[in-house]
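Given only the sequences and the hints, what does the whole structure look like? Please build it.
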Amino acid sequence: MKMIVAILQPHRLDTVREALAGVGVHGMTVSEVQGYGRQGGHKEIYRGAEYEVHFVPKVKIEAAVSDDDEDRAVEAIQNAAQTGRIGDGKIFVLDISRAVRIRTGESGEDAL
Amino acid sequence: MKMIVAILQPHRLDTVREALAGVGVHGMTVSEVQGYGRQGGHKEIYRGAEYEVHFVPKVKIEAAVSDDDEDRAVEAIQNAAQTGRIGDGKIFVLDISRAVRIRTGESGEDAL
Amino acid sequence: MKMIVAILQPHRLDTVREALAGVGVHGMTVSEVQGYGRQGGHKEIYRGAEYEVHFVPKVKIEAAVSDDDEDRAVEAIQNAAQTGRIGDGKIFVLDISRAVRIRTGESGEDAL
Amino acid sequence: MRFSRLARGATAPIALITALTASGQAMAADELSGANTAWILTSTALVLFMTLPGLALFYGGLVRARNVLSVLMHCVAVACLASVAWLIIVYSLAFGDGGGMNAYIGGTGKAFLAGIGPDTLSGSIPETVFFMFQMTFAIITPALIVGAFPERMRFSGVLLFSLLWLILVYAPACHWVWGGGWLAEMGVMDFAGGIVVHTTAGVSALVLVMVLGPRRGFPREIRPPHSPGMTVTGACMLWVGWYGFNAGSALAADGAAGMAMVVTHISAAVASLVWAVIEWARFGKPSVIGIVTGTIAGLAAITPASGFVGPLGAVVIGLLAGIICQWFTGLIKQTLKIDDSLDVFAVHGVGGILGTLLAAVFAVESLGGQGLAEGVTMGGQFVTQVIGVVAVAVLSAVATWIIAKIVAVTVGLRVSEEEEIDGLDISAHGERGYDLT
Amino acid sequence: MRFSRLARGATAPIALITALTASGQAMAADELSGANTAWILTSTALVLFMTLPGLALFYGGLVRARNVLSVLMHCVAVACLASVAWLIIVYSLAFGDGGGMNAYIGGTGKAFLAGIGPDTLSGSIPETVFFMFQMTFAIITPALIVGAFPERMRFSGVLLFSLLWLILVYAPACHWVWGGGWLAEMGVMDFAGGIVVHTTAGVSALVLVMVLGPRRGFPREIRPPHSPGMTVTGACMLWVGWYGFNAGSALAADGAAGMAMVVTHISAAVASLVWAVIEWARFGKPSVIGIVTGTIAGLAAITPASGFVGPLGAVVIGLLAGIICQWFTGLIKQTLKIDDSLDVFAVHGVGGILGTLLAAVFAVESLGGQGLAEGVTMGGQFVTQVIGVVAVAVLSAVATWIIAKIVAVTVGLRVSEEEEIDGLDISAHGERGYDLT
Amino acid sequence: MRFSRLARGATAPIALITALTASGQAMAADELSGANTAWILTSTALVLFMTLPGLALFYGGLVRARNVLSVLMHCVAVACLASVAWLIIVYSLAFGDGGGMNAYIGGTGKAFLAGIGPDTLSGSIPETVFFMFQMTFAIITPALIVGAFPERMRFSGVLLFSLLWLILVYAPACHWVWGGGWLAEMGVMDFAGGIVVHTTAGVSALVLVMVLGPRRGFPREIRPPHSPGMTVTGACMLWVGWYGFNAGSALAADGAAGMAMVVTHISAAVASLVWAVIEWARFGKPSVIGIVTGTIAGLAAITPASGFVGPLGAVVIGLLAGIICQWFTGLIKQTLKIDDSLDVFAVHGVGGILGTLLAAVFAVESLGGQGLAEGVTMGGQFVTQVIGVVAVAVLSAVATWIIAKIVAVTVGLRVSEEEEIDGLDISAHGERGYDLT
Ligand SMILES: Nc1ncnc2c1ncn2[C@@H]1O[C@H](COP(=O)(O)OP(=O)(O)O)[C@@H](O)[C@H]1O
Ligand SMILES: Nc1ncnc2c1ncn2[C@@H]1O[C@H](COP(=O)(O)OP(=O)(O)O)[C@@H](O)[C@H]1O
Ligand SMILES: Nc1ncnc2c1ncn2[C@@H]1O[C@H](COP(=O)(O)OP(=O)(O)O)[C@@H](O)[C@H]1O
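Protein chains in written order, with this note's numbering: chain A, 1 to 112; chain B, 1 to 112; chain C, 1 to 112; chain D, 1 to 437; chain E, 1 to 437; chain F, 1 to 437.
Just so you know, these hints were derived from the structure itself, not from any lab. Do not take every clue at face value.
Derived pair list, reagent style DSS-like, types lysine-lysine, alpha-carbon separation capped at 25 angstroms [unchecked claim]:
id : chain 1 : residue 1 : chain 2 : residue 2
1  : B       : K43       : D       : K285
2  : E       : K285      : C       : K43
3  : F       : K337      : F       : K405
4  : A       : K43       : F       : K337
5  : E       : K405      : C       : K43
6  : E       : K405      : E       : K337
7  : F       : K285      : A       : K43
8  : D       : K337      : D       : K405
9  : D       : K337      : B       : K43
Structural data, given as structure tokens:
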């Protein structure tokens, strides 16, 4: 199994969720994160003092999928998340050696 | 070493923490996340307008453990986190190729 | 490619970011997390009632780097994050099997 | 407001003359009441409190977190702008002597408070106090419209729109009804602003958003209120401040003010409960956003009637406000798909119009009211009320449409899609609402 | 409140007669004071502000984030319900003429403000104003009890409980003490509500939670207050509003109101510092939740005494309130393990009782007070105070127990465990307190 | 304040005598005005509201989330401490009869309100009311200084500093200007506290932080305000409360109060807009923190002049406050690198001094003012104003430096670096500002 980790523009989350459902991936875990990269942050000014804010709000999704689903899922995310603007984010894939569904104890792909 | 990633019902966190301590795992990192899966979200209504909320609040714990501790830790989490209700969450295990304790520079299992 | 996951004292984040930039790592994703470990939490008292708070605020950074950059990056983080006090945090390294830049579709190390 | 004094056998009829003639002598002739002055000074503070921070928080909690500061900014900036405009010319246009044109608009004689000093009286209170009390109404009215266009309107557009609106809509409407204009002559009853404040703001809100257009992704992708607690806090402040708004409009510390406070409070309480009960029945759960929306609807509805009706009228007006205003929120947003984002028309406009019409009904003594003016029938007064509402609604709609077009072609109405996505806090003001790390 | 006027050689003794006879004539005989009316109109706004949003925020900040809206909802809904009940019958039961039963309960003569118009007086102010001022007390009293049962009580239960409680506990207690009932006859001193407001609310809170039961996981798993800043904000609003509560109870804008404001403020300040200092000594750190809890304890304690004592009395009362109320929070929650969640009894109940008893002591002139009524000794008055507290405490306890049982078997008292875990905001109102994304 | 009454042909010149002689008879001779009392009771509530929660929220929103509670704690604790100190001795030192020393400091005759009862008058209001009204000024002044040292000062140090400061700086300064001291004799004009409140607080803030030192990492690592919405809420409350601060300083419900309210409001509105416009020009974006900072600057600047100038003066004072105070925020923090963290000196100090000087100019009738005292020229008055400002600034600077040193060697001024990193909420008070889980 694979853990697909994707960093997205926050406002693309719903589209991505739907796209993943479209390819049969019905579970994921989402976190709010701060991103740092090419996009760069912004400057805030309070009473004339400048504050560099290096980080940009992003969302991170983690979706565990079966090996066969990997390609379809990655592709779905990429298409749904893309706006073409710097800061669209990344997709990383890592290996999962084991998965368990807490409620039932099922493990492996049945757990997803 | 293994990275055990578990998604839990927020109110089970304390029980899980204690259960892990019980099997000798004394460190972990916790994040608040939003979950999406079978459980499904809920509907909010403001002034007659419906808002679908697809995500459910969950907590994610990440605990790095030695290879020998993996089974005990996974089992401990599963037992402590289980309520039998849909939405109890998942446990994923990934491989760690390297670990360092920042304070001392120790690495490998000594770092945990 | 490697995913470097580091748990840090929140106030070291800027130093670490600069240190990573120093060794050519210009991207990362940051999350606010709660840590549990040796450091232990603290007690809060409201109207005479004690509340144990087991968790300490930490930040987690995730930086995907090329295999060659791994050592330099880990070292940079360790030096920049170290204060010598309990609770300085950990660095974990995991393998990435695939990386994609959403905007361009580039994959592999070009995506970083 | 003036009219009310007559309707109940004015304790200070001179007030009317004052307003009509706005003549120094007439005032001088009158005598200062410290008690009334104390209450109106207090009421002025209460009504300012309604806008800052009351309305600002009420609206701020309803938008997305990334736009909360922009809403506060709109309320504060509009309040400041309105204050300066009021001093320079709007007060004079509203309450100054318009000479031959007086039926339609006041004159420039009181511009910059010319000739008005600490000792100048307006009825039984210093004119400076009357000026301040009325200013707070001129502040909250354009601020109410802020609820129509959050999350997408350009800041410079907000300022230009509000300024022109005060001069072209508020000043004449206020003069017609309270400044001795043609509607006052006709005997229209608007104790504290059902026409002058709520009809103008509500109708203008609707027309403005039609020109401006809906928020990106409306209605599907709109997010729920980011901080209902902030909205409740603001609503409570509005409720408290409304005591000054309505009971202060008696311009005296007497039984008329007392009864106005009673009916104001009762209408608010009834409308709140009704709104919650309907939600409970419709959706299975009563929401706190719902109950306080009912509060505001009940307050807006009783406003024009608060000096004329009794407890019975208050209960009925509150009841209807809770039902009808709630129904209108659905009609406008769900059915007609008009993005009057925070329901300015459905809650304030509809509420104010409702109360203006019902004032004619529940003012009659047999229904527990304070009685209509000498020789006026319920039917006759009702027609007068309808004329008042329609006339001011038309003025508001037409003028707002023109102003919106002017703003569109000059400074521009709307931010870019990117600015809208990033949120106005960052894109327009360079700030973020919350940094809890 | 009435009694106070006598105690200090009433500037308007007629007020007493008014209250006792509640006869139209007696009132007509009296004369309107614009100044007093202005101050009581203001005080009414201040006391409403105490509940909305003051108390709502004070309580809201103390619960978990997932229950904050439900607490606000309870305060708003109870306020609306109490207002309507007050108009329909409770005011009449409290201040109407009870005829032969007058010692125990008022009549229905003033139901729905029958026969009361803008010109009806109550002492030197319009009765409409007296009605409104007293209404705000009837609003805050059941709202105080909300602090006992947050995070677990069913919303319908909250409404039913509050309604029955107003009729069965508040109306008689208020009549006994302020409406010319037997305690008033006996000369009990309760200037602004130590018995009528704080004893009733505090005792009822304790009894109710005994029937309701503690929160899930109490005390081990309870979380600290989710937003102490919200609590501080509410506490500050309560402090400001309390000026109207106590100084307004003089029902006049005079030196009695001034002295009441002085002692109110001093007691609050002293109790706050004492509370913080004790925490500092006990735990090594003074907390902001602690200091403002002391503020409220000091305000509750001075309330019944505020029209009778001088600065010295205020200092001692504040000092004791800071010590004793803090000790009681530990006794109830830690020792007795009773989940009076936000310490309604320990802070309000104990504070109010303490002040009621000490009023008899510090009212004597030698201790800087305004003096007891003609020929009354400190000892004699103290006994009267004890009788007053005990009688009302028993009434509150018994009636609350009965009401709680009625609610339990009808609409139900408690939410399901699952609803409690999810939090009442989502489960009972379908809303979330914060969405900062 | 007193002086103002003369300046405009005092409606109650007795007030001056009262203050000068502070003699029981003089007071008794005078007569109670219920209307004035009603307004000052209200104003007292408004000014307390400025500090609690107004100023607390205004400051609280500007710091990091981990220090928000400590700022609220500072404001609440300082308010309580000031109240007790005021009763015990500070009021007497400020307004008591100093006998031979009266030019420099009041006596101890009024300590603990000795000899002052409900019936004691001060001018046309009860002295208890005057005592309370003035107390709220003594509360907010040290609370203003809290803005200079957040996020790093030791709590015990805050308490000790504030206590000594009230006795050594506030009491004499207040006596000199309002208590019949040498500056009053000289005819200095300070209607509501440009010298007594803003100059003292501003200058002391600057001197204190020079001894205390900047926050860790200042200026590079300082974080932006954690909750601008909280700051806006507080600023709005300050605005509303300021009506009581300035219009209340007329000590009467009359046209003088009305005009004071007008100019107060106008100055605030103008300064707000000016501040925002300058930001817009300099940085491309007007911020909400900026506009409300302008509001406070405009309010501080008009304060000393509010009883003397007309609308024209208000506009000019507001305009200059918006420009000059903004320039000073840059000078102090960016250029001089002095970490007066929340700009107490730049906004309050500079504003207050500016208004004190301009009062002499715009008080003249030809510029729309109420006129200078008999036979005083603009130039002469201006010199008097300069003397007043300089004298009080020197007193504040010297005394603050000494007090800071005393605190440093006794309880200590500063927390440890670790406590500063963790934030004062946890390290000093054992609490966290937000727990939204
Ligand atoms: N090396 C990296 N490791 C982890 N996350 C990264 C890395 N580089 C970028 N990111 C994440 O991806 C987001 C977008 O990257 P950025 O370089 O700004 O634009 P783009 O994705 O278009 O190249 C960043 O905000 C950050 O959250
Ligand atoms: N494929 C997945 N990848 C990552 N996280 C998942 C996945 N499926 C479910 N989750 C997480 O587990 C939580 C519970 O899953 P859900 O399907 O709702 O119930 P259950 O765990 O009982 O099957 C979800 O809210 C989500 O956070
Ligand atoms: N086994 C672990 N797995 C994941 N995170 C851990 C683990 N142990 C510690 N951490 C994280 O590292 C942080 C610091 O660890 P701690 O034991 O407190 O001090 P130190 O890093 O100095 O040993 C913890 O707060 C937690 O977030």
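> Given the hint that K285(E) pairs with K43(C), does the C-alpha gap stay at or below 25 angstroms?
Replying inline: Given pair K285(E), K43(C) holds - Cα atoms ~11 angstroms apart, limit 25 angstroms.
> Are the Cα atoms of K337(D) and K43(B) separated by 25 angstroms or less?
Replying inline: holds, 20 angstroms
> CA of K337(F) to CA of K405(F), is that 25 angstroms or under?
Replying inline: Holds, at roughly 21 angstroms.
> Regarding the pair K405(E) and K337(E), is the alpha-carbon distance no greater than 25 angstroms?
Replying inline: Distance of about 21 angstroms is within 25 angstroms: holds.
>> Hinted pair, alpha-carbon criterion (25 angstroms max): K337(D), K405(D). Please report holds or violated.
In response: holds, 21 angstroms
> Is K43(A) close enough to K337(F), meaning Cα to Cα at most 25 angstroms?
Replying inline: Distance of about 20 angstroms is within 25 angstroms: holds.
>> Need the status of pair K43(B), K285(D): alpha-carbon distance at most 25 angstroms?
In response: holds, 11 angstroms
>> So if I understand the rule, the pair passes when the alpha-carbon distance is 25 angstroms or less; does K405(E) with K43(C) pass?
In response: Outside the cut-off at roughly 38 angstroms; violated.
> For the pair supplied as a hint, K285(F) and K43(A), is the alpha-carbon distance within the 25 angstroms limit?
Replying inline: Measuring from Cα to Cα gives roughly 11 angstroms; hence the hint holds.
Checked against the numbered hints listed earlier, the structure breaks hint 5 alone; every other hint is satisfied.
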